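Residue numbers (the working numbering), protein chains in the order written: chain F, 1 to 306; chain Z, 1 to 241.
Since the hints were made in silico from the structure, they are not lab data.
Quantities reported herein were computed from a predicted structural model and do not represent experimental measurements.
The C-beta atom is built at its ideal place from N, Cα and C for all residues, glycine as well.
Hints are supplied without guarantee of correctness; some may be wrong.
Unchecked claim - Computed Cβ-Cβ distance ranges for the label pairs, DEER-style:
hint : chain 1 : residue 1 : chain 2 : residue 2 : range
1    : F       : Ile270    : Z       : Glu17     : 44 to 50 Å
2    : F       : Gly193    : Z       : Leu184    : 42 to 48 Å
3    : Z       : Ser183    : F       : Val184    : 47 to 53 Å
4    : F       : Lys227    : Z       : Leu184    : 48 to 54 Å
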Amino acid sequence: MNEIEKMLLMQIADLHKVPDGAYNIRKDGDGDGRRSTPHIRIENRTDGKSGIDIFVSSQTQNESVHIPVVITKSDYREKVYNDFYVEAGADVLIIAGCGIHNCGAQTSEHSGVHTFHVGKSARVRYVEKHYGEGDGRGGNIMNPDTVIYLEEGASMLMETTQIKGIDSTMRTTKAIVAAGADLVVKEKIYTHGTQFAGTDFTVELNGEGAGADVVSRSVAADHSKQKFASRIIGNAACNGHTECDAIIMDEAQVVAVPELTANSVDAQLIHEAAIGKIAGEQITKLMTLGLTESEAEEQIIRGFLN
Amino acid sequence: MLELQHISYSAETDGVEKRILDDISLTIDERFVAITGPNGSGKSTLAKVIAGILRPQEGRILLDGTDITELSVTERAKSGISFAFQQPVRFKGITVKDLISIAAGKKISVKDACSYLSEVGLCARDYIDREINASLSGGELKRIEIATMLARSTRLTVFDEPEAGIDLWSFQSLISVFEKMNSLTGGNIVIITHQERILSIADRIVVISGGKVEREGTREEILPGLLGASVCRMLTDKMEG
Ligand SMILES: Nc1ncnc2c1ncn2[C@@H]1O[C@H](COP(=O)(O)OP(=O)(O)OP(=O)(O)O)[C@@H](O)[C@H]1O
Ligand SMILES: [Mg+2]
């Protein structure tokens, strides 16, 4: 692995070396190392599409799978399908992420479709980081699609982060949540320059006691644009909450589009959205502690996206 | 030593100019100087003028003989002025430890952060990683604000009603904080207060009314009058004001 690849892996997966547990590293479209473990099996797909199938057995407890994707070529486009089959009762941490280092003048693009079949009472924590950089003028595009099926009593925490570096992203997440199952999404986005980040969540709460909490915190700086759409559909006695909290700066634009549908009198759905600039008194307070205005802004943003 | 020379500050609301501070001159050179006066008399405005948050239209401000009138908020903070807000500011995501570190101007150890918190009567372990957001109570927020002043320990600190929202039994520890700070810095502490127990430790008391210095002097000179007749007048002022 060269320095750029190592750096990208650090950024997206906090990996300094080959990870413990199961992993699959994909580099510029090819496999660059894989390990299955007694409980977690990683295999090539059999349907001709690019990508892998990951089988997490019900014996899995407190284990992790790393599946980073690294792109270092310019003018490179790929679409990858990864399917996760998490058996009933398993408890697993999945760390995915994509890092692009594009130093050419052409666009590089990664589109990934991750599908999660989470069995009864299984627990998944899914961490996804997107990172891009480049010294050329080529664009970095990432379009992650996430499809989640939670069976009865299953729970999934999805933490998705994109801090700068990606010029255009459209992230689509769809989840079907059964009775007693619970989905929590924590999204953090920072766009600057002329970047665009779009987010589109659709969650169907289909059984009694199903729950969803979709929370997005974002900062839009310079001339960047963000669009946050969140749809929660309550088809039973369920609890749904979605929240968009955005700091807008400079000439940026943020659009928040909530949509709640209750098809049951017992569905409890809440949406909160707040878009605003950094409060002047916050900057003033930090300046009275000795920070300059721009240092104060930086601290406030860093804390907000923490 | 802080010198305020002929400070006047006006603000405009709905096209009407209002003189909030009217030719205030003061020299602050004692350990503890208390500023008191009715609600709306201009005390917080004066504190903001000292911190550089508001710019007076007239007058000069000198810190240890140096003219700081033109200095920004940041520059004043760096030259040794600290200001504890009447209403502390909340921040999503910034933790108590972060804020104390920012105040101290360096990364500080958990142990040091904890010692500042204990000083203001907070059980450090419970607070160190808390966010300074809406989940903190008003009194907790005030104490954290005071802890950040301790972390800074500059030559001049202005506290704007530090006692507000703080339960009575903690008064003595509040006073110990002031004493500790003074022994660390050897500087001046200005306390805007309505509280007799704090007034009674002041070396000097300044009474502000209608944007002017109404009276000033030693505690012995001012306090008896404040506790007697003028209380009544302060209340009338408030009703009229
Ligand atoms: N920006 C402003 N525009 C107009 N009026 C203002 C402005 N800021 C403060 N004032 C007014 O100036 C007066 C002094 O306010 P200030 O906050 O300094 O009072 P205070 O003495 O600190 O009162 P308290 O004891 O209630 O804290 C008040 O009448 C207030 O309404
Ligand atoms: Mg006040």
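Structure-inconsistent hints, enumerated in ascending order: Nothing - there is no hint that the structure violates, so all of them hold.
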